[in-house]
Amino acid sequence: MKKVLKTPIRNEDLETLRAGDVVYLDGLLVTCRDVGHRRLIELGRELPVDLKGLAIFHAGPIVAKDGDGWKMISIGPTTSMRMERFEKDFIEKTGVKLIVGKGGMGADTAEACKRHKAVHAVFPGGCAVLAATEVEEIERVEWQDLGMPEALWVSRVKKFGPLIISIDTLGNNLFEKNKAEFNQKKGPIIEDINRQVRFIK
Amino acid sequence: MDKHEAQRSLTDTMAKFTAYVGKHLPQDVLEKLAQLREGEDSPLSRVVYDSMFENLKAADRLNRPCCQDTGVIQYFIKAGASFPLLGELREILGDAVRQATREAPLRHNAVETFVEKNTGDNTGTRVPWIEWDVVPGEDAVIEVYMAGGGCSLPGAAKVLMPAAGYEGIVQFVFDVITSYGVNACPPLLVGVGVSTSVETAAMLSKKAILRPIGTRHPNPQAAGMELLLEKGLNEVGIGPQGLTGNSTVLGVHIESSARHPSTIGVGVSVGCWAHRRGTIRIAPDMSYEILSHKEAAL
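Protein chains in written order, with this note's numbering: chain C, 12 to 212; chain F, 7 to 304.
The set of hints was computed from the structure by calculation and includes no laboratory data.
C-beta atoms are modelled at their ideal positions from N, C-alpha and C, and glycine is treated no differently.
Warning: the hint list may mix true and false statements.
What the hints assert, rightly or not - Where chain C lies over chain F, by a calculated footprint (3+ residues, C-beta under 8 Å):
| id | region |
| --- | --- |
| 1 | 149 to 163 |
| 2 | 220 to 232 |
| 3 | 287 to 300 |
What the hints assert, rightly or not - 27 Å max Cα-Cα, derived DSSO-like pairs, lysine-lysine:
| id | chain 1 | residue 1 | chain 2 | residue 2 |
| --- | --- | --- | --- | --- |
| 4 | C | Lys14 | C | Lys169 |
| 5 | C | Lys169 | F | Lys123 |
| 6 | C | Lys82 | F | Lys300 |
| 7 | C | Lys82 | F | Lys164 |
| 8 | F | Lys63 | C | Lys14 |
| 9 | C | Lys76 | F | Lys123 |
| 10 | C | Lys76 | F | Lys63 |
Stated by the list, open to error - Selected chain F positions facing chain C (in silico; Cβ < 10 Å):
| id | residue |
| --- | --- |
| 11 | Arg14 |
| 12 | Val53 |
| 13 | Leu68 |
| 14 | Arg104 |
| 15 | Phe120 |
| 16 | Lys237 |
| 17 | Val242 |
| 18 | Leu249 |
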């Protein structure tokens with residue numbers, strides 16, 4: 012059975028989740044990426060959306076005008092690590108509970124997830140039409156002066172996923188663990204290749 | 007067809023082809039992905055590959071860009087010296103990008119530097135980016151490439167001392183891929199440029215990922231090194247989306263030039279699994295043939 016999170020998300024909804032689990036989301040999902048984070052944390056501007064208990068998506072979508080509103084055409088995750096510099100403070104200031112993106116995040120975000128009971132999850136990268144079909148409607152858009160990718164698109168989503176938990180509320184960090192494994196494996200592999208590429212004689 | 011009409015016709019063809027490339031992966035990439043999917047057995051790998059193929063189907067059915075990040079559009083042109091619209095091509099491709107941006111639609115991805123404003127139509131200073139190769143003949147072969155930010159981020163180039171040897175190249179490739187590959191939407195197509203300086207090595211590494219998957223460098227030692235790097239990177243086991251698995255790459259391609267005796271320039275470019283590359287040949291009468299996609303209709 013699919014595990015579905017609903018906004019507003021409570022601490023107890025997240026506490027049993029572990030890195031590597033797969034979940035889906037019902038409710039409000041707000042895109043927020045590089046400049047949105049910078050404006051709140053570095054420039055001290057107030058976010059035009061109250062994110063308490065909600066989910067953000069590190070994503071810059073393609074949207075199209077649809078009458079008076081907007082239609083989601085294509086929306087996939089972007090590299091979460093770009094937001095690492097801001098995310099710890101972002102979680103603390105906004106009370107956001109679920110951060111969706113691509114690839115892992117670092118130690119600061121993991122620490123904030125542990126302290127404030129939040130999780131980071133990945134949506135499979137490049138699967139942007141799949142994600143768009145899970146968006147029921149775009150409720151509104153804020154900070155449109157930032158252009159299409161960077162604006163804050165507030166969407167109502169249904170069975171949005173798969174979302175693979177990468178950082179859980181204990182601070183377990185799936186990608187950091189994987190990366191350590193990759194780095195450990197690579198040494199002997201490189202040595203073996205290097206014996207076969209001594210072309211300068 | 008007079009020149010004005012020819013220009014309009016080619017603009018329309020290139021707008022439609024650019025949009026098409028954003029929505030459909032080329033045949034060689036589709037085949038390789040299907041093959042790699044077969045080789046994965048972990049539950050998370052399966053979740054990711056299922057999503058990838060479901061997504062491609064949805065993009066096809068709904069006629070939408072398969073990834074939201076449709077890149078800063080790049081064109082790599084092999085232009086026949088007698089191609090009738092050689093002088094007009096830059097203007098044509100700029101217009102084609104604006105049309106594709108409206109009609110596909112493509113994401114607005116051109117941020118004018120220093121002004122720091124999104125132009126809203128995917129054109130800007132030197133964008134779309136165009137690389138030229140002028141060859142004898144009267145056809146033009148145009149490669150369209152759109153790379154998202156995710157797979158552009160790992161790109162790196164550096165100049166090694168000759169003492170580092172080809173071993174230094176291997177180390178550099180592995181360092182780049184294990185440090186940044188996870189975020190670039192693996193399985194990845196890895197291009198390696200081997201040359202003299204940063205810009206030549208970097209450009210060759212980009213040209214390497216424009217080659218059809220699995221084609222080999224003409225030099226047997228270089229071709230052997232491509233295979234060694236492929237096997238080695240797969241053994242690292244980054245897997246789809248970095249969630250671990252039995253493969254890391256769609257392939258590794260090397261492009262090279264002769265080099266200065268005192269330097270080894272090495273560049274690495276990375277393409278994501280949604281490797282949106284398309285090749286079209288334009289005849290002097292503006293009729294066209296699509297070389298990269300099976301049964302493509304514009």
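Consistency of the hints with the structure:
Under the rule that three or more residues need a Cβ within less than 8 Å of chain C, the assignment of the region 149 to 163 of chain F holds, with 4 such residues. Counting residues of the region 220 to 232 of chain F whose CB lies closer than 8 Å to any CB of chain C gives 3, which reaches the minimum of 3, so the coverage claim holds. Here the region 287 to 300 of chain F counts 0 residues with a CB under 8 Å from a CB of chain C, which misses the bar of 3, and the coverage is violated. The hinted pair formed by C:Lys14 and C:Lys169 meets the criterion: a straight-line CA distance of about 13 Å does not exceed 27 Å.
At roughly 33 Å between alpha-carbon atoms, C:Lys169 and F:Lys123 are farther apart than 27 Å, so this suggested pair is violated. Using a Cα cut-off of 27 Å, the hinted pair C:Lys82 and F:Lys300 is violated, with the two alpha carbons roughly 30 Å apart. At most 27 Å may separate the alpha-carbon atoms for a hinted pair to count; C:Lys82 and F:Lys164 exceed this at roughly 44 Å. Using a Cα cut-off of 27 Å, the hinted pair F:Lys63 and C:Lys14 holds, with the two alpha carbons roughly 25 Å apart.
Simply put, C:Lys76 and F:Lys123 have alpha-carbon atoms about 21 Å apart, close enough for the 27 Å limit, and the pair holds. Taking the CA atoms of C:Lys76 and F:Lys63, the gap is about 24 Å. The hint holds against a cut of 27 Å. For F:Arg14, the interface hint is violated, the least distance from its beta-carbon to any beta-carbon of chain C being 25 Å, above 10 Å. A hinted interface residue such as F:Val53 counts as satisfied when its beta carbon comes closer than 10 Å to some beta carbon of chain C; here the least separation is about 5 Å, so the hint holds.
Among the interface hints, the one on F:Leu68 holds; its C-beta lies about 6 Å from the nearest C-beta in chain C, closer than the 10 Å criterion. A cut of 10 Å between beta carbons decides the hint on F:Arg104: the least distance to chain C is about 15 Å, and the hint is violated. The interface hint given for F:Phe120 is broken, as the beta carbon of that residue sits about 16 Å from the closest beta carbon of chain C, more than 10 Å. With its C-beta approaching chain C no nearer than about 8 Å, F:Lys237 sits inside the 10 Å limit, and its interface hint holds.
Residue-level restraint check for F:Val242 holds (minimum Cβ-Cβ distance to chain C is 5 Å; threshold 10 Å). For F:Leu249, the shortest C-beta to C-beta distance to chain C is roughly 7 Å, which falls under 10 Å, so the interface hint holds.
Hints 3, 5, 6, 7, 11, 14 and 15 from the earlier list are contradicted by this structure; the remaining hints agree with it.
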